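Undergrad: Chains S and X are the protein sequences, given in the same order.
Residues 1 to 297 in this note's numbering are what the first sequence lists, from first letter to last.
Residues 1 to 248 in this note's numbering are what the second sequence lists, from first letter to last.
Keep in mind that a hint or two might mislead.
Where chain S lies over chain X, by a calculated footprint (3+ residues, C-beta under 8 Å) [unchecked claim]:
1. 43-49
2. 145-157
3. 183-190
4. 212-223
No lab work stands behind these hints, which were simulated from the structure alone.
Nothing here was measured: the structure is a model prediction, and the numbers come from that model.
Backbone N, C-alpha and C define an ideal beta-carbon position, used for all residues, glycine too.
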Amino acid sequence: MEWLSNNVLKHLREVSEMPDLPGVRYRLGEVLGRGGMGVVYRAHDLELQRDVALKVLAIGDTDSERMQREAQVLARIEHPGIVPVHDVGTLEDGRVFYTMKLVRGSRLDEYCRQPHPVPDLLRLFQRICEPIAFAHSQGIVHRDLKPANIMVGQFGEVLVLDWGVARVLSEPEPDGEVIGTQNYMSPEQSAGLNTDIDARSDVYAMGCILQGLVQKPAKPLRSIARKATAPERDRRYSSTVELADDIGRYLDGLPVSAHPESILDRARRLLSNNRTLVALILAYLMMRILLFWFART
Amino acid sequence: MDTDTRIGSGDGRFPETRHSAIAAARSGTPADRAVAHESIVAAYWKPVYKYIRIKWKSSNEDAKDLTQGFFLRALEKDFFDGYRPEKGTFRTYLRVCLDAFLANERQASQRLKRGGGTILLPLDFTTAEGELQQIEIAQDDSPDRFFAREWTRSIFENALLALREECAAQGKQIHYDLFERYDLAASDARATYASLAAEFGLSSVTVNNYLASVRRGFRRIVIRILRELTSSEEEFRSEARALLGAEL
Chain S
1 MEWLSNNVLK
11 HLREVSEMPD
21 LPGVRYRLGE
31 VLGRGGMGVV
41 YRAHDLELQR
51 DVALKVLAIG
61 DTDSERMQRE
71 AQVLARIEHP
81 GIVPVHDVGT
91 LEDGRVFYTM
101 KLVRGSRLDE
111 YCRQPHPVPD
121 LLRLFQRICE
131 PIAFAHSQGI
141 VHRDLKPANI
151 MVGQFGEVLV
161 LDWGVARVLS
171 EPEPDGEVIG
181 TQNYMSPEQS
191 AGLNTDIDAR
201 SDVYAMGCIL
211 QGLVQKPAKP
221 LRSIARKATA
231 PERDRRYSST
241 VELADDIGRY
251 LDGLPVSAHP
261 ESILDRARRL
271 LSNNRTLVAL
281 ILAYLMMRIL
291 LFWFART
Chain X
1 MDTDTRIGSG
11 DGRFPETRHS
21 AIAAARSGTP
31 ADRAVAHESI
41 VAAYWKPVYK
51 YIRIKWKSSN
61 EDAKDLTQGF
71 FLRALEKDFF
81 DGYRPEKGTF
91 RTYLRVCLDA
101 FLANERQASQ
111 RLKRGGGTIL
121 LPLDFTTAEG
131 ELQQIEIAQD
141 DSPDRFFARE
151 WTRSIFENAL
161 LALREECAAQ
171 GKQIHYDLFE
181 RYDLAASDAR
191 ATYASLAAEF
201 GLSSVTVNNY
211 LASVRRGFRR
221 IVIRILRELT
231 SSEEEFRSEA
241 RALLGAEL
């Protein structure tokens, strides 16, 4: 047999993994990404004449049920911040696939490599909290929130991706299996306590994301992140809505629930919120002092 | 920072995969162990030989002796009994054992006393040595990366041999020939579907279908080999990703 060069090895890998699409309505394009469970390709929908993203179970991954479940979970949570699913199917080789809207933009970790003003980043963070809060209201916990699973579009819109390991709270799940990503996983996830997982587990991950989002954060922001990532669930925000509200209060220059203010903190905040007024008062006082001094001399 | 999603048991208990040569090598009957050992040698001897030649900078003759010695010692001393799936993949374990074995051998310099150049396992070192001359070795190749790539090459070669036999047995020689002409050709010498169709007297659609069917067969055989070489579902998935998903 001929020697298999590195190029041939690479080609064999690609063709081995490539889904066979005869019989389905999509023409395959390039690989867009690779996740824990599947590979995402660009594909062209021949019927509707549009590009879509096609996610197919990775070769060797036998967990068709999980993939199918991901598509069902996505179909249940219709929100502008969650990628809509178009179609689910099974390839000839038995692998499950689904197609979804093709998202254009950059991952949050890539987006953050460019410098952005802190208020813009915080408003972006608030927008990420919205679809997650919506999923929570539908009884679904993402369980794997991290910058790589958040997409930022060209106009600052956000999309939360990769719901493959989401926990549907109405479905019982035994303890033991550890699901999530190290560095973003709540203590209950790390311990495999799946029955303890709820919205606060996602709050924890969002707290970790917040810590990475803002370099050298102000004291109140540090307190917000600390509260979100409290090891005990009861000490965290009860929802991402609460977390986003606290961020909003910080942006509006109001006291945040996570940070009890000292008199000095309060004075500093009031000073920074009312700079113009303080400057006017100071100017007025200076003028009065000068007038008084001239009158005396 | 580890950013990969983790899905796995927290206590390290995984379901055992049936037909696993690794499991049989660790706990089967002596007959099972011998068969399992054969499967392991078939998949790993070339990466081991090339690893010794390139990463340990051994001569051709020394590498032959050390490769033989390593697998024989593994059989005699039940090296593979020490493998614990929860601690990592078998591939990594084997490489760590190999490094330890080579370090010992180098220190004791007992290699010639033990083997003395006798061929003990039927391994085609001439082919392996010929392949070594063609290997593209990157300067920044880590031992892990080098071993993983040669392991991939070895698995694919074994799968291709099995695929060729299977196609011949099923009267699908044309299918295999197309596959060989298209998928095993160097990228700059790869024919188009249209030219293959003209050459083989088929339509482009048939070429496409035949290629898809052989690729499916190839994928099935690769998975079967991987199943043999892993001992748990998690290890299987991790190795499937390493074999088919990671960068070369």
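Undergrad: Hint by hint, note whether the structure agrees.
TA: Hints and how they fare:
For the segment 43-49 of chain X, the stated coverage by chain S is violated: 0 residues have a C-beta nearer than 8 Å to a C-beta of that chain, whereas at least 3 were required. With a cut-off of 8 Å between beta carbons, the segment 145-157 of chain X has 5 residues touching chain S; three or more are needed, and the interface restraint holds. For the segment 183-190 of chain X, the stated coverage by chain S is satisfied: 5 residues place a CB nearer than 8 Å to a CB of that chain, which reaches the threshold of 3. By the rule of at least three residues with a Cβ nearer than 8 Å to a Cβ of chain S, the coverage given for the segment 212-223 of chain X holds, with 7 such residues.
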